[in-house]
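Protein sequences appear in the order of chains D and E. Numbered by full-length UniProt numbering, the letters in the first sequence go through residues 1 to 461 in order. Numbered by full-length UniProt numbering, the letters in the second sequence go through residues 1 to 461 in order.
Hints are supplied without guarantee of correctness; some may be wrong.
What the hints assert, rightly or not - Stretch-level coverage of chain E by chain D, calculated; a stretch enters the list once three of its residues show a Cβ under 8 Å from a Cβ in chain D:
{"hint": "1", "segment": "180-190"}
{"hint": "2", "segment": "297-303"}
Stated by the list, open to error - Distance ranges between label pairs, derived from CB positions:
{"hint": "3", "chain 1": "D", "residue 1": "PRO176", "chain 2": "E", "residue 2": "THR351", "range": "24 to 34 Å"}
{"hint": "4", "chain 1": "D", "residue 1": "CYS95", "chain 2": "E", "residue 2": "LEU317", "range": "31 to 41 Å"}
{"hint": "5", "chain 1": "D", "residue 1": "GLU410", "chain 2": "E", "residue 2": "ALA159", "range": "27 to 37 Å"}
{"hint": "6", "chain 1": "D", "residue 1": "HIS453", "chain 2": "E", "residue 2": "GLU273", "range": "51 to 61 Å"}
{"hint": "7", "chain 1": "D", "residue 1": "LYS318", "chain 2": "E", "residue 2": "ARG263", "range": "23 to 33 Å"}
{"hint": "8", "chain 1": "E", "residue 1": "ARG327", "chain 2": "D", "residue 2": "GLU410", "range": "55 to 65 Å"}
I should point out that these hints are in silico values taken from the structure, not numbers from a laboratory. Note that CB positions come from ideal geometry on N, CA and C, so glycine has one too.
Protein chains: 2
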Amino acid sequence: MSADWFRRRFLPRGPLPAPRPPRPRASPVPYRRPRFLRGSGSSSGPADASRRPDARPVRSPVRGRSLPWNAGYAEIINAEKSEFNEDQAACGKLCIRRCEFGVEEDQEWLTLCSEEFLTGHYWALFDGHGGPAAAILAANTLHSCLRRQLEAVVEGMVATQPPMHLSGRCICPSDPQFVEEKGIRTEDLVIGALESAFQECDEVIGRELEASGQVGGCTALVAMSLKGKLYVANAGDSRAILVRRDEVRPLSSEFTPETERQRIQQLAFIYPELLAGEFTRLEFPRRLKGDDLGQKVLFRDHHMSGWSYKCVEKSDLKYPLIHGQGRQARLLGTLAVSRGLGDHQLRVLDTNIQLKPFLLSVPQVTVLNMDQLEPQEEDVVVMATDGLWDVLSNEQVARLVRHFLPGNREDPHRFSELAKMLIRSTQGTDDSPIQEGQVSYDDVSVFVIPLHHQGQGHSSH
Amino acid sequence: MSADWFRRRFLPRGPLPAPRPPRPRASPVPYRRPRFLRGSGSSSGPADASRRPDARPVRSPVRGRSLPWNAGYAEIINAEKSEFNEDQAACGKLCIRRCEFGVEEDQEWLTLCSEEFLTGHYWALFDGHGGPAAAILAANTLHSCLRRQLEAVVEGMVATQPPMHLSGRCICPSDPQFVEEKGIRTEDLVIGALESAFQECDEVIGRELEASGQVGGCTALVAMSLKGKLYVANAGDSRAILVRRDEVRPLSSEFTPETERQRIQQLAFIYPELLAGEFTRLEFPRRLKGDDLGQKVLFRDHHMSGWSYKCVEKSDLKYPLIHGQGRQARLLGTLAVSRGLGDHQLRVLDTNIQLKPFLLSVPQVTVLNMDQLEPQEEDVVVMATDGLWDVLSNEQVARLVRHFLPGNREDPHRFSELAKMLIRSTQGTDDSPIQEGQVSYDDVSVFVIPLHHQGQGHSSH
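Generate coordinates for the entire structure from the input sequences, incorporating the hints supplied.
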């Protein structure tokens, strides 16, 4: 992506073109639930959920079907918020083949050895909006993008440190193979591959949705184990935490219009055209009214962490670029998240104002070194879509995990049982440990990944 | 500042105008050392420093002269790196007057009460480059900017929470005076005032330097006590840390081309014109050579935290936007810091490429709640320019502080003695606790601010 591309794509000189009406050239993305839920009862068709949340079924893989690392999974569909469950999940083994550098004359890559070189594991949650299509495409696609991106750099992961040149050979005698000063590590290549994979997947979704005349977007939260490390990549408002006996550690942070206020305001500052004169980029404590004109009111602009006062002008009365607080915060009055995949066609209702330039598909990646961690018997990673975290805090989830696991050591399916129990805790039922009134009507999907005896000792070759 | 202003200022349509030759309309900013060093010996003129670092004098205020909170100060001039000491310091009492809203009809501010309303204290270090002028102007000016910015919002600091409207009155009956959901605190107003003050000071420096035909820039590190809190605002590579008996806490982080790589690369991505075809915004492990053409080498772009490989094109052989590692890292081959004041005229040698669009004057602000901290006898804040931190780690400074203070309880001048001792520790003398070879030839300036019995109980009214 270049600056020119950005300008051509989002800053047309003349009046903005109307959004293209969908001209389906391909069949729509079929709705489905994750493959690993097969046989677990309840149809994969539209929700038949009742409005009474406690009547909604919690689904998890059938007993006997095991997920990577014996991870647990459970999900519940929303209370008719939409017809389909807009959450999607995927997991599996990630087989990275090693490609070796071919004949030098033609500078081409030849797959001299297509054997599996590295093995990783992959768990992913996608929370869709504007329809389930983007989340389904992401669940179908992101792991392939990731495999491809990792294979493109796997040669650089052979040595203890990535070499300056991918061929691993010095191109002139005085040149060291590694550039010590920068301290570039193998994990930096994996982080780079995750970043590239999210972007590639975003492009695929854009093409596929346009071809099938569909719309929508989704968040993406990925955990991937590779060479003794667990990578957590997040774009959106899902969350992963590490729960240990005496530690609760966030492994991701949420990207919403509020948490990314400065980045979003700055883009509107640089390209005011993106707001088409309909929005103000400034933040005020509430939407301003005619009465506020000429008054000095609290405000924040893109470069400010603190607040100041400004005299209200007429342009300040426009609808704010970011409006509302907490769960109600919206970007351009439209979207509750500021990173994710898809949404290429999304515009503000009844306008030509596009959301996409304000959205990032690039994830933030955190790395957990499993060798250093020395995971104990009941150490787990809990990954869940926002429906869980709206109702339960990290500490509440940790208490539930620590309470559940010791009493269920013998059950091979206990991590799915734990995931189901976490979801039931959001449904306001009698045995729920949370306060009355805190009930999630959203889709909720949960992975529980046990860390003990996993991922250490570099499962490569 | 608007986007239009930025484009007009930095993106001229035609060929770039040559830098205007200085046409002095005012006399040059006179060189001086801080007022509070008067009488402490050594002339205030050019450095007569010897090349042997241990022969250079360490200066601190004369015994009997006390700084706010009985803080200590010491400085040493560089070993002929430049003729003048480019560091500057300032400290003092900050008296904030309360202005009350005047007659409503003309909507003007009248100072009904010019009595002091709030009292704070202020300590600041400025590390100049390209001449001492910007640092001297900052030392002369920033506290006035800060007072002015605080007085502009002081009415909002009267209540426990800043009101939506500065007059403190609801403008329509249904409107609550405070906007509870946003949780805006008094300290957010102070942070906003610090941010505005740095920007105002930057503009003053730009005007003054242009008028006097001088050039240069400086970093700025400010500590300010107000209403029971200590605010630390930093733009540049100076550093402040809190040292307690069993805690070392950084109160600032450094802003250099390396720490702000993504912001700087992103600006070059948005406005490639800023690089005038002379630089590449991409980061490589080292500067590329002709031999690298066509090879796949490690690189990072603005949206990447991790690294990936790319095939080298001709444009990648240009000089990198950010080059070098650690202390050698330079922005556009020119500047070692990415935030600060001044540098309005600074261009890359022999080009018209301006540094200013890549520099931020806005500081990052951290807040220390003195009431919650309950400072003990030997708790201090150590503020110093980069000359100290190049040679001593936070932990080494903390060890020196903890070793020095208990044995010197009776000396009223002990915090200046401590500051002098810290500076001597960077000079490679015999009694230095640091390894041989780690010697600072830079200017070094140090404040040591004791926290015990200070700043609590809100010294207002």
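Margin query: To test your reading of the hints: which numbers does this structure violate?
Written below: As far as the earlier hints go, only 5 is violated by this structure.
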